[in-house]
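Here the structure of chain A is known, so what remains is to put chain B in place on it, guided by the hints.
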Amino acid sequence: MKKNIQTVFLVIFIIAFIIVWHFLSLGRKTLIFPSPYEVFVSLYSIISSPSFLPTVFNTVRAVFLSFAAAFIPALILGIISKLVPFIHRLMEFVSGFIRSVPTVAIILMALLLLPVSYTPVIICYFVVFPVLYTNISEGLQNVDVKLIEMARIYKFSNAKIIHNIYVPSLKTYIIAGARSALGLNFKVMVTAEVFNFVNHRTIGAQMYMHKIQIDLAGIMAWALIVVAVSIIFDLLIKILFRENTQND
Amino acid sequence: MIKLLNIKKSFNNTIVLDNINMVFEEESITAILGPSGCGKTTLLRIAAGLINADEGEKKGVDQKKLSFLFQEPRLLPWKNAWKNLELVLPDSIEKETKKKLCFEMLELVGLKGYENHLPSELSGGMCQRLSMARAFIIQADILFMDEPFQSLDLKRRDQMINLLKSLWIKKKPVVIMVTHDVQEALLLSDKIYIFSDKPTKILKEIQNPMPFEERTVKNERLYELEREIINKYIV
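If you read the sequences in order, they're chains A and B. At position 3 of the first sequence (counting the first as 1) the number is 3 in my numbering, and the numbers step up by one without a gap. At position 13 of the second sequence (counting the first as 1) the number is 13 in my numbering, and the numbers step up by one without a gap.
Wrong hints could be hidden among the right ones.
[Claimed, not checked] Partial pick of chain A residues on the chain B-facing surface, computed with a CB cut under 8 Å:
(1) R89
(2) I153
(3) N164
[Stated by the list, open to error] Below, simulated DSS-like cross-link-like pairs (lysine-lysine); rule was C-alpha separation at most 27 Å, straight line:
(4) A:K171 with B:K95
(5) A:K146 with B:K99
(6) B:K204 with A:K155
(7) A:K155 with B:K201
(8) B:K3 with A:K238
(9) B:K198 with B:K172
(10) A:K160 with B:K100
(11) B:K172 with A:K155
(12) A:K171 with B:K79
(13) B:K100 with A:K155
(14) B:K79 with A:K155
(15) A:K171 with B:K112
(16) B:K171 with A:K82
(17) B:K165 with A:K146
(18) B:K98 with A:K155
(19) B:K218 with A:K146
(20) B:K64 with A:K160
(21) A:K238 with A:K3
(22) B:K65 with A:K155
(23) B:K171 with B:K99
(24) B:K99 with A:K155
(25) B:K172 with B:K64
(26) B:K99 with B:K65
(27) B:K112 with B:K170
(28) B:K98 with A:K160
(29) B:K218 with B:K3
[Unchecked claim] Distance windows between CB atoms, simulated:
(30) B:G124 with A:L90: 50 to 60 Å
(31) B:K95 with A:R242: 24 to 34 Å
(32) B:G124 with A:V167: 19 to 29 Å
(33) A:K160 with B:S36: 26 to 36 Å
(34) B:N116 with A:N199: 29 to 39 Å
(35) B:Q71 with A:R61: 47 to 57 Å
(36) B:E25 with A:L90: 30 to 40 Å
(37) A:K211 with B:N116: 53 to 63 Å
(38) B:K64 with A:K171: 50 to 60 Å
Since the hints were made in silico from the structure, they are not lab data. Glycine included, each C-beta is placed from N, C-alpha and C at the ideal position.
Chain A extracted, bound-state conformation (with noise of 0.2 Å):
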């Protein structure tokens, strides 16, 4: 009852975000303030054309691919500052570090030192691990040491104390770093593939071809395709892991 009441806000929302955003753009130029349907059928043009699933595929696949590329070594330090104290505190400082740098700077320095193909992953890549690293760190140094102890009473072995303390505690700082990393992800390798122009069926790629037309209306289609693709792979992570939850 409670969610269905919040489903017809969200509605609600939406409908009267387009109508004050309809509203506004009344009177302007398409240029400077498209309607809510010139992005639509902008958004329709973009769907239908045989270039959108690959061009949407490429740029997923190089989300995925730096997500992977840093949650291996971030959950492999995440261990290893979990048994070694210094690891642990030299590793704050460089995921603190690299957390600080402004994107801009890393995509800057990327596209000037690094190979032109694999600036997005590795751009990427410098955005998502400290975020993930950070999580699956927290995650271990919260490990209930009152469990880790009853586990030692009862003698458990050490695969028995990691499948059934560590992982479990482990899997609500992965789904949130996950998730927090997967959005940050997409954001930053759209932005990435914007400054570099390597490969022309990518989101960024895209967008950038819009703004050298000043579409702002397909910018706007692309940022909203973005966004969905977004929200769907955040409700396929809830839901993979919901269900294997509740498989425990």
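Using the frame of chain A, we list chain B on its own:
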């Protein structure tokens, strides 16, 4: 028989336990009674091997099957009731046998029908009973108890004590319990060690004059003994 010999323990240069010697006989329940913060939990943790003593020796604990009833239930929140029990059973037991043992134990502690409930779906008292079921299902040689009834009201505490006694009588493991409640010590234990405040020393070793079966809240002798201990050693 379990022996703790010349146990010493300090934290940050403060002596907590000073030359403690204790003996715990087979098939007996021993209570360690003392004021809060006197170091009784530290001693229990040393005996159970969770921390090391600075000096001293313990005999008769190594290689024994241990179980522990903690102040809080310490259940895995992501495992349901029977799986929390199954976890402590040896891997050598077949899965079906494990399940049968768990279900039987849950019935014994009054949790029949709650086998598939997560700890978050059980009340505090039910979680404590589940924790007790876990402590007894492995048929341990030594059971350590660290004020496990502290958070329960009087009625529930009495129920838990009776349940513990009914489970204990089956295999009679050595029980070493820590409490600051004189009545609780008298209701359960055969022997009581009374601890002083820090640096902790043993003030007195008392044999409970009440036979096991007569240790109930309905027995007037319980209250006489309680008053006697409080007046002599606590107040």
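To see whether the hints hold, each was checked on the structure:
no.: 1; hint: R89; result: violated (23 Å)
no.: 2; hint: I153; result: holds (4 Å)
no.: 3; hint: N164; result: holds (6 Å)
no.: 4; hint: A:K171 with B:K95; result: holds (26 Å)
no.: 5; hint: A:K146 with B:K99; result: holds (25 Å)
no.: 6; hint: B:K204 with A:K155; result: violated (34 Å)
no.: 7; hint: A:K155 with B:K201; result: violated (31 Å)
no.: 8; hint: B:K3 with A:K238; result: violated (53 Å)
no.: 9; hint: B:K198 with B:K172; result: violated (32 Å)
no.: 10; hint: A:K160 with B:K100; result: holds (21 Å)
no.: 11; hint: B:K172 with A:K155; result: holds (21 Å)
no.: 12; hint: A:K171 with B:K79; result: holds (14 Å)
no.: 13; hint: B:K100 with A:K155; result: holds (22 Å)
no.: 14; hint: B:K79 with A:K155; result: holds (18 Å)
no.: 15; hint: A:K171 with B:K112; result: violated (30 Å)
no.: 16; hint: B:K171 with A:K82; result: violated (41 Å)
no.: 17; hint: B:K165 with A:K146; result: holds (26 Å)
no.: 18; hint: B:K98 with A:K155; result: holds (17 Å)
no.: 19; hint: B:K218 with A:K146; result: violated (36 Å)
no.: 20; hint: B:K64 with A:K160; result: holds (20 Å)
no.: 21; hint: A:K238 with A:K3; result: holds (17 Å)
no.: 22; hint: B:K65 with A:K155; result: holds (9 Å)
no.: 23; hint: B:K171 with B:K99; result: holds (21 Å)
no.: 24; hint: B:K99 with A:K155; result: holds (20 Å)
no.: 25; hint: B:K172 with B:K64; result: holds (14 Å)
no.: 26; hint: B:K99 with B:K65; result: holds (21 Å)
no.: 27; hint: B:K112 with B:K170; result: holds (20 Å)
no.: 28; hint: B:K98 with A:K160; result: holds (16 Å)
no.: 29; hint: B:K218 with B:K3; result: violated (34 Å)
no.: 30; hint: B:G124 with A:L90: 50 to 60 Å; result: violated (42 Å)
no.: 31; hint: B:K95 with A:R242: 24 to 34 Å; result: holds (26 Å)
no.: 32; hint: B:G124 with A:V167: 19 to 29 Å; result: holds (27 Å)
no.: 33; hint: A:K160 with B:S36: 26 to 36 Å; result: holds (34 Å)
no.: 34; hint: B:N116 with A:N199: 29 to 39 Å; result: violated (52 Å)
no.: 35; hint: B:Q71 with A:R61: 47 to 57 Å; result: holds (52 Å)
no.: 36; hint: B:E25 with A:L90: 30 to 40 Å; result: violated (53 Å)
no.: 37; hint: A:K211 with B:N116: 53 to 63 Å; result: holds (57 Å)
no.: 38; hint: B:K64 with A:K171: 50 to 60 Å; result: violated (35 Å)
Violated hints, listed in ascending order, are 1, 6, 7, 8, 9, 15, 16, 19, 29, 30, 34, 36 and 38; each of the other numbered hints is respected by the structure.
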